[in-house]
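Peer 1: Listed below are the residues making up each chain.
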Amino acid sequence: MSVDKHELSTTETDPIADPGLPEHEPRPTDVDDRAEKRAERQVASLFGLSTVFTLLFCVSYFVFKVGHHPSVIWGFGASNVALGLCLGLALLCIGIGTIQWARKLMADHEIVEYRHPAASSEEDRRAALEALALGSEESGIARRPLIRNSLLGAVAALGLPAIIALRDLGPLPGDKLTRTVWKKGMRVVQDVDGTPIKPADMEIGQLVNAEPALFFETNDHGEPVIEGVKLQTEKAKAAVIMVKMQPDDIKPAKGRENWGVDGILCYSKICTHVGCPISLWEQQTHHLLCPCHQSTFDLADNGRVIFGPAARHLPQLPLAVDAEGYLVATSDFTEPVGPSFWERDNYELK
Amino acid sequence: MSSSNGVAPTNGTRPAKAHKPSKAGPAATWADDRLGLASMAKKNLRKVFPDHWSFMLGEIALWSFVVLLLTGVFLTLWFRPSMVEVVYDGSYDQLRGIHMSEAYASSLNISFDVRAGLLMRQMHHWAAMVFVASMMIHLLRVFFTGAFRKPRELNWVIGSLLLLLGTLEGFTGYSLPDDLLSGTGIRAADGFMKSMPVVGTYMSFFLFGGEFPGDSIIPRLYTVHVLLIPGLLLALIAAHMLLLVYHKHTQWPGPGRTEQNVVGFPMLPVYAAKAGGFFFVVFGTLALMGGLMSINPVWRFGPYNPAEVTAGSQPDWYMGWPDGALRIMPGLETHIWGVTLSWNVFLPIIVLPGLMFTILMMLPFIEAWITGDKREHHLLQRPRNAPTRTALMVALMTFYGLMWAAGGNDIIALKMRLSINQITYFMRAAVFVGPVIAFLITRRWCISLQRHDKEVLLHGYESGVIMRDAQGGYSEKHLPLPLDRAYTLTARDRDEVFVPETAVDGNGVPSPSNRKDRLRAKLSAYWYGSNIQKPTLAELEESHHHTEIDVAHEAPLEGHAADGHQFDGRHDVSGEELSTKH
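Going line by line, the protein sequences match chains R and F.
Start counting at 1 in the first sequence, then tack on 96, and there's your number in this note's numbering.
Start counting at 1 in the second sequence, then tack on 32, and there's your number in this note's numbering.
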């Protein structure tokens, strides 16, 4: 063996010499006929039991109902519990039986195998290098840089189609992230049923989950104007919360003095951190907490961040009242809603 | 085995009958003529695998992956990876008539209307958790025992990649049902992507096929989840196993177990039976879990709605630590030249996991560089015998654990009635201070365990026998370790601190690698410096000599049994007589 010439770490006879492998000690099943028979019966019983559970699985599959009126045991879906129990026990019996067989009845003599160094022998290394050199020589790849370099260039250029072909994965962002469906005069409605809201409908301290009225509008055929994927996409930007506070508590930033109506303010519901909808409202403190990462915003103070990982205030939607007395937006958001992105410009509060 | 060459089995109770010639023989010949299987089988059928409970951890990962493949195929037969809006018309009353994506509707269908569907869904999810967890524990075992050292560094890297891919596979998997919780996860992932400088917005638009959520993300994640990542996982697992077979398994030192050999049971039959049996045990356990333990009850969350969220939203546990980092990160953002860099998202969720995985993969190379050890190692080390390494991993684990706890700061605040603000402030400091403290404690702890080992070797183990001498003094009898155990304790290398070569060469020119060498020498001195080395032969002999003097006062007891059982008759004490000669 060529072990010595490779650097195997050795535990020399320092300070105690290796006493060598201990004697093999026979197990009860090696020397006691009855123990051996018992082990054999155990293993066979486990395998037999496994078959029983497998059959019970098949029976359970047909006996227990799923669907509208599922069978129930102990308040759980009977089908799932029975199938899981039967399958699990059938498999466990095979597993435990096999391991028992190995431990009790199969020969348990430990055997010794010698290791070989992971490295190839010097001889093989030389031969491999020679073959490589010969191949390179015969191809002339080293002697003909023109061929080599033009090939490398050609293969490298193939990377371009691989990238370009992915272009149609999606449209370019454009200004999509900076706009929502909100516009001047659009009513702010309840998100559950689309009911428009009058300032008098709200009590001090109340929070309403709201949406633009557009989401509930229908066309001449009675079909929704906006639905499906388009609705989800717009909802992901346009969802708002509306809160009513004591007008004296509100400290509007410069230019936002007339964004509220009777102490009612409207903010984007989409967290400026990574975009979870925010909805945990603390009435007394006017704080709004995001349940995902606990960013907390002060709605009396222009939605400023007062705690947590968010870096920016919540965008505010300017409100007014329309001719019929319902709350409406006076424009779209004045800044992009939701998480930050590279192209986003700065919109500091004044 | 029954033989076909006419020799009767010998251990039967009934006389043997002549067997019909086996059909297996000609079939094997047919196959070998074409495939040459015998040459391969000859080498591997009796391949030796050493036995230790900790070698089973990687097996759990392997077998749960097999369960994932089996249950996953079952799920694909009914799951529809589509975001087309449908009206639910299945068996679950509470959601009937509600608009939802086809993906969510088919998840409900699997859960309520396909027999064994819920079982397979739950088994699949549990198996995923067990898969990731067992990979992590297996990784810790490999690290703490030094099994990653040469020649196995590349297998460590492959293993780390498997952990990374397994985590991504888990994320793409639990995102598929398109319920409110999984949708919230995807929403956050969109925010993560957008935080990337320059390319973030484009990556988000390309991945989602436009603006979030669009109708492309579920089908795309599905392809990644059932084709791309499983393919990579399979290939890497195959490479991982091939390297394991090629290197042969590491083993614990002990009598007859050396760097040059591997001692254990042969592949056929014992190891095949044990490992094969263990597959059924893992499979069976997961089936019981799927049947008895509810996991991810998607019907309770409702369909995804970008304007809704549930309190206590959390990712699956293995995504918890970056989520914790995200929660405790202060809200930093830079606006410059009309663009935005959101450090508050980019650092904890993009940079940090990348950094941690890079560190993880580099660990074997970092240690090898510091110690300058270029030898092959096949004998495992006890964690205490590599104190700095052990302490390093415990520090990393502490970092991970604290981050993970931070990922549940809202739950901790709620359950323990603490202020979420204070928990968050505490965690901001703890993730830096905690690992340092853990490192120092672990290192000293290991060193004191090493001291204990040395003491036991030199002065014997505490027998629990209290001796009273003629003067009335009491002492505890120490007995020498059995040879096997003493040998096992000493079967390790002496640590050698790296010493740089002389600063200047023969001509007085400073060596260019000098500065690097000096750093390396310093690190190596710290790495090994305080370790307790095993006693030398001289120390052992001297201590035995001392013992003889020390126990001279025990001489009158010579020849008496020490354990007292000669009085209670519990067992015979002959052969247990005390002796001062070791």
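Be careful, since some hints might not be right.
[To be verified] In silico DSS-like cross-links for lysine-lysine, where the CA-CA straight-line distance does not exceed 27 Å:
#, chain 1, residue 1, chain 2, residue 2
1, R, 280, R, 340
2, R, 200, F, 74
3, F, 406, F, 509
4, F, 509, R, 200
5, R, 350, R, 340
6, R, 294, R, 280
7, F, 509, F, 486
8, R, 272, R, 340
9, F, 486, R, 200
[As the list claims (entries may be wrong)] Chain F regions said to be covered by chain R (calculated; three or more residues, Cβ under 8 Å):
#, segment
10, 217-223
11, 226-232
12, 268-281
13, 426-438
14, 459-470
Rather than coming from a laboratory, the hints here were simulated on the basis of the structure.
Bear in mind the structure is a predicted one, so any value in this text is a computation, not a measurement.
Virtual Cβ for every residue (Gly too), placed ideally from N, Cα, C.
Peer 1: Does each hint fit the structure? Answer for all of them.
Peer 2: Here's how the hints hold up against the structure:
1. 280(R) x 340(R): The hint holds at about 21 Å.
2. 200(R) x 74(F): This hinted pair holds, its Cα atoms lying about 26 Å apart.
3. 406(F) x 509(F): With a Cα-Cα distance of about 43 Å, the restraint between residue 406(F) and residue 509(F) is violated, given a limit of 27 Å.
4. 509(F) x 200(R): The hint is violated at about 39 Å.
5. 350(R) x 340(R): Status holds; Cα separation ~20 Å.
6. 294(R) x 280(R): Holds, because 17 Å separates the two Cα atoms, which is no more than 27 Å.
7. 509(F) x 486(F): The given pair, whose Cα atoms are some 17 Å apart, holds under the 27 Å limit.
8. 272(R) x 340(R): Between residue 272(R) and residue 340(R) the Cα gap is close to 30 Å, so the pair fails against 27 Å, i.e. violated.
9. 486(F) x 200(R): It is violated: about 37 Å lies between the C-alpha atoms, which goes past 27 Å.
10. 217-223: holds (count 4)
11. 226-232: With 7 residues close enough to chain R, the hint holds.
12. 268-281: holds (count 3)
13. 426-438: Violated - the segment 426-438 of chain F has 0 residues with a Cβ nearer than 8 Å to chain R, which falls short of three.
14. 459-470: violated (count 0)
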